[in-house]
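Here are the chains, one letter per residue:
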Amino acid sequence: MFGTVNNYLSGVLHSAQDCDGESLGTHLSLRDVHVQNHNLYIAQPEKLVDRFLKPPLDEVVSAHMKVLYHLAQEPPGYMEAYTQQAAACGAVVRLLQQLKDENWCLPLMYRVCLDLRYLAQACEKHCRGFTPGHVLEKAADCMMACFRVCAADGRASEEDTKRLGMMNLVNQLFKIYFRINKLHLCKPLIRAIDNCVFKDSFPLPEQITYKYFVGRRAMFDSNYQAAVQDLSYAFSNCPDRFASNKRLILIYLVPVKMLLGYLPSKSLLQRYDLLLFHDLALALKAGNVNRFDEIVRDQELVLIRSGIYLLVEKLKFIVYRNLFKKVFAIRQTHQLDMGDFLSALQFVGLTDVSLDETHCIVANLIYEGKIKGYISHAHNKLVVSKQNPFPSMSS
Amino acid sequence: MAQVRGSCERFCPDGEAKMRIREKLLHYFELKNGQKNTPGVLVKEFTRSAADAKMPLPQEMRTEAALTKTVEYLLKEQELFSIILDTRKPFNLAYDFIFDRLRAVRREIVIQMYDARQKIRLLEPIVMFLAYSRYRLCEESIEKFDPKICNQHLQECLTGVLCCYDELEGQASSKEPTIRELERRCYIESLYQVFNLGSPESFARALTLPDFVRQDSIFKLCFAICLAFQQRNLYRVLMGFPQLPHILCSVAATKLQAIRRSLLQVFTHAYNNKQLTVPVPYLLRLLLIDSPAGLQDQCRHYNISFTGDRKAVQFNKTDFNQTAELLKTQHERFVESKLKRIYLPEVLLLKKLN
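Protein chains in written order, with this note's numbering: chain A, 4 to 398; chain B, 313 to 666.
Some hints here could point you the wrong way.
Here are the simulated DSBU-like pairs of lysine-lysine, each with C-alpha atoms no more than 30 Å apart in a straight line [as the list claims (entries may be wrong)]:
1) B/K388 x B/K336
2) A/K185 x B/K456
3) B/K567 x B/K487
4) B/K532 x A/K317
5) A/K185 x B/K532
6) B/K431 x A/K128
7) A/K389 x B/K629
8) B/K460 x B/K348
9) B/K460 x A/K373
10) B/K401 x B/K336
11) A/K389 x A/K328
12) A/K317 x B/K567
13) B/K629 x B/K652
14) A/K328 x B/K629
15) B/K586 x B/K629
16) A/K185 x B/K567
17) A/K260 x A/K389
18) B/K629 x A/K329
Part of the chain B face toward chain A, derived, beta carbon under 10 Å [as the list claims (entries may be wrong)]:
19) E481
20) H581
21) R597
22) F627
Source of the hints: derived by calculation from the structure; they are not laboratory data.
Cβ atoms here follow ideal geometry from the backbone N, Cα and C, with glycine treated the same way.
All chains should be built: construct the whole structure from the sequences, respecting the hints.
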């Protein structure tokens, strides 16, 4: 079923002559069937390739064939393959620069950059001898070179500008920066997209990915309103058939919304296998500090891996608020003894809490507007407002 | 690029020593017994890499052993002589000298492209020295000590060491670290956490560290403090500080003024009532302030009023001066008492960690 090298190379040539970026991308993809064609595993394919293709496309193709060669070795030469893929990426940059006022080759760029990231991840996983994250960071540098060419293409018309490729690259870069915990590097990319005149005309799938990452970043910066907006956009626009992606979005959207006072419905969580949040919500509602801590402790690894550990820990103050609201409901008075709050904290299992700390916790809730009232230190009482002493969290 | 290796076995290469003696460019701590014009022990100065400067020759750079000895010389007590413990001159002069000479060491680490293990050995004491100095000199005027520059260098050295730890971990083949090495790492990782209190990045790092670090008792304490800070439970943060060992405690002290300000601001809302007051002893305890005078300084600065008898404070949220700059970091009694009990060279060289 596989052809000779010549068949393959003339296929590449035709795609290039037809300015068919998709087809060219497929010819250079590591996920296409042609990668199983043993005829293409050539250590030094330059001479052959030169007969068909002009620079810099010949370099892209040669590098690609070398990648295939190295990956076919036993054990696979991931590091060598990565180096060749980076060379391919560099050649793509030159190709982009050469093709002024044309953007048909963007799919090729997407493909090469995507495979570069996959290979970098494979190196991180299988190879040793460098700081973790180093290869991914290098890959990001290569993609940035592509990004710069695209972002600088301001003179071409709206249909032909390479700026249309920006969001795809930004999403790729986000994936790397989130993986290596270098979120500050996202900022200039977001600015570039924000300043882009046709930022709303990028394809919807790209927009969804973009909003997902921008939302996560906003969450990281404690900018929760913005995070909810972006993540909600991603969630509601993501088609239902991509259930696992929708689940990924919810992992962040649910706790951020909880922090803003919205509890998720059980049916939604059930549908996406996220009942962990249901347990948290129950503990939150009940003001059960101990139960809350227990869930966090049990699910620690899951929370850390999905990057929401800190966010969930920040929900703690709402647990306190709900517990204190219960004290208010039981006492039915506007002058509440601070000792009662302390007893309540001890009742839900906090053994090491003091009256001083109780004061500080209540004080902070007042400061954040979660309780309306003031503390009288002399009488050791919290005096709550006659109207709406525990304002709704979501208001 | 080919690796360059130093061959100089002394603290200061001969060429530089001759030149500086000839030109009388000796620092006070390089003179014999402080006598004018009598050279004592010279240590290589820091010079910037400049475009026109040639690549240093091997004899202009020190060997790994010489670099280790240099770091030790700068931070240790020799027979009858110690720069770090010198009392003839104010500490900021010793700081300037040691800072510069350690910077030269750092530069050679970069030029000679040392591996992770070598870098860690040299950088760890530098981190400790910068962290200690940051606190020790915090009350000095800006002409004598620039806390910002010190912070920058500390952060740079810290992240440098952390990268090396990560790198070593990535090498399965490298030989097992010793228990002492692991303990030192736990201490430096803790220092990074306290120094970056409140930063989501450093917190994210804490969550993904190997188990031996996360289970370390000092690290656990630092982690608990950082978590409490993120949860805005400043009470737990402040109560945690005095439990930290020496240098960590002094790094924590540099964060104290900001936390006191936040807590006072919270209190102005919570105890906001014209008829009611909050007793001084309660505030002293919560804010880790050891004298009523200290509390008065804080209150004056943020425009919080005392009662007539000065035994209580009256909070009013509208009076609180939001725009007032943070008070300068100051020496704290709970830190001073810890630092008094330590033998500094031993601590800076990470021989005694708690």
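Against the structure, the hints come out as follows:
1. B/K388 x B/K336: holds (26 Å)
2. A/K185 x B/K456: violated (35 Å)
3. B/K567 x B/K487: Distance ~38 Å between B/K567 and B/K487 Cα, so the pair is violated.
4. B/K532 x A/K317: Holds, because 19 Å separates the two Cα atoms, which is no more than 30 Å.
5. A/K185 x B/K532: holds (24 Å)
6. B/K431 x A/K128: Distance of about 25 Å is within 30 Å: holds.
7. A/K389 x B/K629: Between A/K389 and B/K629 the Cα gap is close to 20 Å, so the pair holds against 30 Å.
8. B/K460 x B/K348: Answer violated: B/K460 to B/K348 is near 33 Å, above 30 Å.
9. B/K460 x A/K373: Violated, at about 37 Å.
10. B/K401 x B/K336: Judged against 30 Å, a Cα distance of about 20 Å means the pair holds.
11. A/K389 x A/K328: Given pair A/K389, A/K328 holds - Cα atoms ~14 Å apart, limit 30 Å.
12. A/K317 x B/K567: At roughly 21 Å apart (the allowed maximum being 30 Å), B/K567 and A/K317 satisfy the hint.
13. B/K629 x B/K652: violated (40 Å)
14. A/K328 x B/K629: holds (24 Å)
15. B/K586 x B/K629: With Cα atoms ~10 Å apart, B/K586 and B/K629 stay inside 30 Å; holds.
16. A/K185 x B/K567: Cα-Cα ~24 Å, so holds.
17. A/K260 x A/K389: holds (28 Å)
18. B/K629 x A/K329: OK: B/K629 and A/K329 at ~27 Å, within 30 Å.
19. E481: holds (7 Å)
20. H581: Hint on B/H581: holds, closest Cβ of chain A at ~4 Å, below 10 Å.
21. R597: holds (7 Å)
22. F627: holds (9 Å)
Violated hints for the displayed structure, listed by number in ascending order: 2, 3, 8, 9, 13.
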